[in-house]
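Chemist: Here is what each chain is made of, one letter per residue.
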Amino acid sequence: MSYLNNPAVVMDNGTGLTKLGFAGNDSPSWIFPTAIATSQGNSTASKKMTSNSTSGSNATGNGNPYFGNSTSATSFNNLNSSMLLSNNLAGKRGTEDLDFYIGNEALIASQGPSYSLSYPIKHGQVENWDHMERFWENSIFKYLRTEPEDHYFLLTEPPLNPPENREQVAEIFFESFNCAGLYIAVQAVLALAASWTSSKVTDRSLTGTVIDSGDGVTHVIPVAEGFVIGSAIKNIPIAGRDITLFIQQLLRERGEADTSLRTAERIKQEHCYVCPDIVKEFNKFDKNPDKFAQFIVENQEKTQKKVVDVGYERFLAPEIFFNPEIASSDFLTPLPTTVDHTIQACPIDVRKALYNNIVLSGGSTMFKDFGRRLQRDIKSIVNNRIAQSELLSGTKSTGVDVSVISHRKQRNAVWFGGSLLAQTAEFKSYCHTKQDYDEYGPEIVRNFSLFNMV
Amino acid sequence: MLHLQPSNLLIQKTFSEALEANGSGSPLTFDRIISDFDYTNFHVSNDPENRDLLLLSVRTKAWQSILTCDNGSQGVLPYLAAKYTKLPGITVAGSAEAGFDYTLCIDLSQLTSETIVQLSLLKTNIMSYPFFLAFQEFATLSTKNPTTTTVTVGRFNEETGNVSSIDVSSTLYTIQYRDNENMFIKPSNDRITVIFETFFQDETDKVFGKVFLQEFVDARKRNRDIQSAPQVIFSTEPPLELQNHLPKGNEVGDEASKRFITFVLFPRHFANEELQFKTVSQLILFRNYFHYHIKCSKAYMHSRMRYRVDTFVKVLNRAKVDEDEDESGGSNYETKRTITGRKMVY
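Here the protein sequences come in this chain order: A and B.
If you're matching positions, the first sequence starts at 1 in the UniProt record's numbering and goes up one per residue.
If you're matching positions, the second sequence starts at 1 in the UniProt record's numbering and goes up one per residue.
It is worth saying that the hints were derived from the structure and are not from the lab.
Note that beta-carbon positions come from the ideal geometry of N, C-alpha and C, so glycine has one too.
Treat each hint with caution, since some may be false.
To be verified - Restraint ranges, calculated between C-beta atoms of paired labels, are given here:
{"hint": "1", "chain 1": "A", "residue 1": "Asn-5", "chain 2": "B", "residue 2": "Leu-77", "range": "22 to 28 angstroms"}
{"hint": "2", "chain 1": "A", "residue 1": "Glu-225", "chain 2": "B", "residue 2": "Glu-17", "range": "45 to 51 angstroms"}
{"hint": "3", "chain 1": "A", "residue 1": "Lys-200", "chain 2": "B", "residue 2": "Thr-338", "range": "53 to 59 angstroms"}
{"hint": "4", "chain 1": "A", "residue 1": "Ser-199", "chain 2": "B", "residue 2": "Glu-97", "range": "28 to 34 angstroms"}
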């Protein structure tokens, strides 16, 4: 069944956002919240409300009910499906299990009275398999429009995902969807692969330290030759949302005209950068008022304008990675120190390689000069240690190279790494196929051979 | 989501993005793959010479059979050109992009949201060409031989058989849209018959598929509200319409496990353009719809199974015996406990 080389499907289901797309593309085709809105109850009363809420969501689409984005439920109401399915078996239950929305449509639908919103992935791991299965079903058939039997799939999982979860995923993909082949990759490894696009990377190795900072939490994950060193992984409870909240707090203290979370987030994305030295940066701002920026908030009808001044938060906000004490009172270890601790917890023979290849991934690492500052701080920690050990032992060290790699695909690095690997000719040979699954059962997915590309 | 939509959401999204970016003065660079059901791939890219032009190329498994379905006159090309060139900003590329079957050039400065919708229907439009031919042929046949006798529904009987007996072989349109499955369209003077071959790779699917197919057939019989829907016939043997066209001696292997679903379309199903479009787009998506629902019902089964297992586990947990009781009686030495009540383990 391979008339054409169908592109592999790359799915990165994160706690907050799901990235879907085809291998070979440079960006995900769809990015939407990993959210599902399911209908509550199955009484006729709730059915009536369904029709109300869907007509509302249609209005937000492009008007034409046949082609609009949120048309999936209209057919429920027009056809009155429970009447159609008059068979004894089917008649007892309606098609409530098909009455749900995912992604952005779920957020809209959940504003109505008859849908409840839930996030099936918590802390990177799937919590509700029923919802997840339906989420996948809809994302494959509605958003990607693929017949899973014709495509290979690359899915991602967080580090330290229990093998039982992998088996569950395999059961769903092979038994429900009959997908042609499946590969489950660890997110950190894919982020490493994505860094190969950077001009700084000369050897395509899968050894390095991944700093993955999303919305909720920041992970530091050491990877040696494609294997995650699980015992050394460290988490930092500072990530994108904390930076946004910090900016919002500064805006409120100054009494700006608009202090909504949305404004704070926009300011974070458009104006913030990392400075080499706070004190000098304060002086620079005081001497040179051009540094202060202005951010203009327009309301939806573009009739009113509010002007928000952007001041020190331009460099102070990302600074909480490096000096957490300015924003939080319970977590005080700076990011460079955590990275150093992580690498020190790894076996001694890979430490040099880990220092040499520190890779950034996730939206909260996108600040200008973030990588440069991180590199400088880690380098000074390492150099201090080397100097001390030279002093104590009296021998000469060969030195440790620290290099932090930033690249342009950082925001969706995990997805992009997946896309890179899945478009290679060898990808299909690394996958487990449906035939393998039928032969050996779900435990086959406990092991995947690694991409060793040189 | 009960029905699949005929339009491709991702094409809509991509072109809407392109239009928006172009409007705000920062045009995007595109080199994207978009897929659709049944081995269909789209490729959106910038024209190498003119940055304002986008190319939308399509490659589909069905193309070859559609190109030759009208005795090799390649009528699908002018058919598609007529559909698309009337829209503002779209021209048909002189030659298709390498590796693809058909290419459209889209001028971003003239693109409208209505055009985007039409672009997203490209696959449906390509697949609808044989149906279009069938509708035409139906029109000529029905004016030549208006039906006088009432025809028993389903099989071709002798009256209708001799109507088109002159060109029986040429009136069967075949769309080879998958490797093992074809779609056949046969017009006659009072109806159009559409036949699908189905084939399942998976044993479980076969069972689910059978229930679904039976339901397609029976739903109309039971429910009076949908009497105007096309009649559906399900058979394990190739229908009579196909018997001269399928290769002989195919009772082995894959061929033997094929099933046939026949839709009988009457003039009321394709009386005007709107109905034609609706009928065709639903028929084209029939296989995908069918397989989508098999998968959905498996997902539903899984959720019931998980629920059941959870309740069983609850029952088992309730039956657990407290370990302390039997140990205190059986063992010689008394168990030592810490001050907080935990047992000491040796």
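Chemist: Each hint: holds or not?
Modeler: How the hints compare with the structure:
For the pair Asn-5 of chain A and Leu-77 of chain B, the supplied restraint of 22 to 28 angstroms holds, since their beta-carbon distance comes to about 25 angstroms. Range check, Glu-225 of chain A to Glu-17 of chain B: about 39 angstroms between beta-carbon atoms, so the 45 to 51 angstroms window is missed. Look at Lys-200 of chain A against Thr-338 of chain B: about 57 angstroms separates their beta carbons, and that is inside 53 to 59 angstroms. About 30 angstroms separates the C-beta atoms of Ser-199 of chain A and Glu-97 of chain B, a value consistent with the hinted range of 28 to 34 angstroms.
Of the hints listed earlier, the one the structure fails to meet is number 2.
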